[in-house]
Amino acid sequence: MKEESKMVEKFGYFGKILWVNLSTHEINEREIPEEWYHQYLGGYGLAARILFEEIPFDADPLGPDNILAFMPGLLTGTTTPFTGRYMVCGKSPLSGGWGDSNSGGTFGPEIKRCGYDGIIFVGKSEKPVYLLIKEGKATIEDASSLWGKDAIETDELLRIKHGNRIRVAAIGMAGENLIRNAGIVNDKGRIAARSGLGAVMGSKKLKAVALIGATKYPYKNKNSVIQMTKEYKDKMKFKDLMSRVMMKFNNILPGMMRLIKMDLFLTEGMQVTMMSKYGTGLSTAISSEVGDAPVKNWNGVGYIDFPQKKVRNLTAQNLEQWKVKPYGCFSCPLRCGAILSVPELNLKETHRPEYETATAFGALILNDDVNTLLKVNEYLNRAGYDSISAGGVVAFAIECFENGIITKEDTGGLEIGWGKSESIMPLLEMIVKREHIGAILADGVKIAAEKIGKGAEKYAVHANGQELPMHDSKFGPSLATTYVSDPTPGRHTAASIDFMEVGPIGKFIKGLKIPKSKKHKYNSKGPAQAFMAKIHQTVNALGFCNFATWSGNIRLLDFIFQATGIQLTNDDLIKIGYRIQTLRQAFNAKHGAIQHQINTRALGIPPMEKGPLKGITLDIKTMVRDYYESMNWDPETGIPTNSVLEHLELDFAKTSLKLNTKNTTIVMLP
Amino acid sequence: MKIIVNLAGSFGLKSINSEVSIDLKENANVEELLQALRRLLKIKVFSVKGMKSNFIVVMINGERIDPKFAKNRNICESDYISIVQPIQGG
Chain H
17 MKEESKMVEK
27 FGYFGKILWV
37 NLSTHEINER
47 EIPEEWYHQY
57 LGGYGLAARI
67 LFEEIPFDAD
77 PLGPDNILAF
87 MPGLLTGTTT
97 PFTGRYMVCG
107 KSPLSGGWGD
117 SNSGGTFGPE
127 IKRCGYDGII
137 FVGKSEKPVY
147 LLIKEGKATI
157 EDASSLWGKD
167 AIETDELLRI
177 KHGNRIRVAA
187 IGMAGENLIR
197 NAGIVNDKGR
207 IAARSGLGAV
217 MGSKKLKAVA
227 LIGATKYPYK
237 NKNSVIQMTK
247 EYKDKMKFKD
257 LMSRVMMKFN
267 NILPGMMRLI
277 KMDLFLTEGM
287 QVTMMSKYGT
297 GLSTAISSEV
307 GDAPVKNWNG
317 VGYIDFPQKK
327 VRNLTAQNLE
337 QWKVKPYGCF
347 SCPLRCGAIL
357 SVPELNLKET
367 HRPEYETATA
377 FGALILNDDV
387 NTLLKVNEYL
397 NRAGYDSISA
407 GGVVAFAIEC
417 FENGIITKED
427 TGGLEIGWGK
437 SESIMPLLEM
447 IVKREHIGAI
457 LADGVKIAAE
467 KIGKGAEKYA
477 VHANGQELPM
487 HDSKFGPSLA
497 TTYVSDPTPG
507 RHTAASIDFM
517 EVGPIGKFIK
527 GLKIPKSKKH
537 KYNSKGPAQA
547 FMAKIHQTVN
557 ALGFCNFATW
567 SGNIRLLDFI
577 FQATGIQLTN
587 DDLIKIGYRI
597 QTLRQAFNAK
607 HGAIQHQINT
617 RALGIPPMEK
627 GPLKGITLDI
637 KTMVRDYYES
647 MNWDPETGIP
657 TNSVLEHLEL
667 DFAKTSLKLN
677 TKNTTIVMLP
Chain D
3 MKIIVNLAGS
13 FGLKSINSEV
23 SIDLKENANV
33 EELLQALRRL
43 LKIKVFSVKG
53 MKSNFIVVMI
63 NGERIDPKFA
73 KNRNICESDY
83 ISIVQPIQGG
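If you're matching them up, the sequences are chains H and D in order.
Using our numbering, the first residue of the first sequence is number 17, and each one after it goes up by one.
Using our numbering, the first residue of the second sequence is number 3, and each one after it goes up by one.
Any given hint might turn out to be false.
No farther apart than 30 Å at their CA atoms in a straight line, the calculated lysine-lysine pairs in the DSS-like style are these [unchecked claim]:
hint, chain 1, residue 1, chain 2, residue 2
1, D, Lys70, H, Lys474
2, D, Lys44, H, Lys630
3, D, Lys44, H, Lys293
4, H, Lys674, D, Lys4
5, D, Lys4, H, Lys534
6, H, Lys293, H, Lys32
7, H, Lys534, D, Lys73
8, D, Lys70, H, Lys537
9, H, Lys253, D, Lys70
10, H, Lys630, H, Lys670
11, D, Lys46, H, Lys253
12, H, Lys325, D, Lys73
13, D, Lys4, H, Lys325
Treat the hints as calculated values from the structure; they're not laboratory data.
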């Protein structure tokens, strides 16, 4: 009886992670304290708690002391809509600080099906290996025959060997060759692309993680979750239908919208309708026109340098001609992905390029050739190379070439330039193979500019070492704060309030009180930025996709309780997110990685003379200081204060920060 | 005068990423342009009301036109005109 009373039934998590030492080839299970799930949920929340203590402050990101964690969200594996995601975490070789990246598909739920809340790799193998979990047994397998294969081939070969049920996350040539922007590919085209964690995987000689699980998700109340999922999907279908009906009768729309105040309702419906059909590429043409998309390496103007007659070649609407079928990630009702077939390019089955890729290899480098875009997209998926960073690196190389900083001698005779579509694939191959100038560009624009010198840093558009995404911060000013001050710099998916300002994100969780801010009033944004940074961590740690927050209200607290038995309030959600974000920031403080570097083109210094962003200069100092103040971190350095660490039950971080930040140089804002 | 208008977005049930050519009188303004487009494409959000409700954004030479000035902003043949749906993301 005594023993039985001690047993606590776990719901929503397994209470253990798989711990794989690649140096010794030992595999163990580690128990996770019960309270950590309440404090950090899952995903990168749990990873932050583990990695903060386990990665030494002086660990080389590409050395054996770094740790690579594959962490599904707390709700991943349930039917809760939009929660099929997993996060890869480790020390980033781009920023030298906290690195994480997020991917959908079906791989995240498979980690749960193997009975684990995460898989963690430490050390470094001498030979190429892959981790196999099959029939409840984890083994380290020889991957010599897979080394040199691309990520999609690797997936296919492992399917042939272990059966089609297997789920694979693998690196391609980029990860093997330690390209610092390498990502990790699952489902033959979804990619945990950012933070350079594919290079970390390559440095460990870990080619793939291959999983076949049979464990059921330990629901507290499965029927309730399924019922709530059904209700949510029915609501989405209804919104979709209403949106179609109302768009059909758009003759009466504008007046009627104001009359019955259904604008938000329609926005959600349209989100469902249009994203389901076109995916993220829906906004490719629009973005370059209005100033959202950076043009010509952040120095051009859409209507002048890349007018609509060019950009429309790259839109999702144009890609429709090759669409074979749509697809969605696990548990996603939106299904924004699509498979294309392009026989003329010998692409029997290829993923539809996302907005980021279409812009990084469109407006950013002035390429208007859709065939090039399709080839690049397929190549980057196979190589396992982050398309955002790859576009940034190509843009940097072109601008250096145009200004005589690099020459044909450096490129092996290849002539590159704005809009020279035929040179893009050879340049990318040069980078991935580390040939000629590619050997330098493979380290990302920050390090490449330092190595090249001759003023090249002017053209290196990055924040703290990571190339910036395809959303110009002059268009969405809060993005600049996120780019420069989030623990993972240069991320458009990390907590910016500007997406909140344009979308119905505030409706996602009922009862949230979101601080007000004005887009270009730079001293109004701190509280809203801090609020978003907090809630965003929670949403990620649960395993949600960002698009969930644009798709209307979800009974979030009910889903969490019925799946896991953890009863939370909205205040708890905010506090948990606050804890996770502070711990990620503390990780950077410990590793001396709070840097505040950002290319001034992203700030409007000097301001643009034409176009929709004309005359805009961001007051980044005020925005970042206000954000830090609102987080109760040191307003100048961004180091979390002792009082906030205590408030968030992060006392264990205090000693570590005291030891490791006294000699740290914080790079201050420009 | 002949005006080229670039359209990008989903207007009503129509997803349009193309240009249309339209004949307008000399010195026509934005409101008149929208009226002509509305007649041609039969999409009612092409109106000043559509601008005000944020269904469409009209841009001329890269600058967003405030719906308040739709009547005052004259158009000439050399203008680069685009009408987009105001969405962001991806």
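Cross-check of the supplied hints:
no., hint, verdict
1, D:Lys70 x H:Lys474, "violated, 40 Å"
2, D:Lys44 x H:Lys630, "violated, 34 Å"
3, D:Lys44 x H:Lys293, "holds, 23 Å"
4, H:Lys674 x D:Lys4, "violated, 70 Å"
5, D:Lys4 x H:Lys534, "violated, 39 Å"
6, H:Lys293 x H:Lys32, "violated, 39 Å"
7, H:Lys534 x D:Lys73, "holds, 28 Å"
8, D:Lys70 x H:Lys537, "holds, 22 Å"
9, H:Lys253 x D:Lys70, "violated, 37 Å"
10, H:Lys630 x H:Lys670, "violated, 45 Å"
11, D:Lys46 x H:Lys253, "holds, 25 Å"
12, H:Lys325 x D:Lys73, "holds, 27 Å"
13, D:Lys4 x H:Lys325, "holds, 17 Å"
Consistency note: the structure conflicts with the earlier hints numbered 1, 2, 4, 5, 6, 9 and 10.
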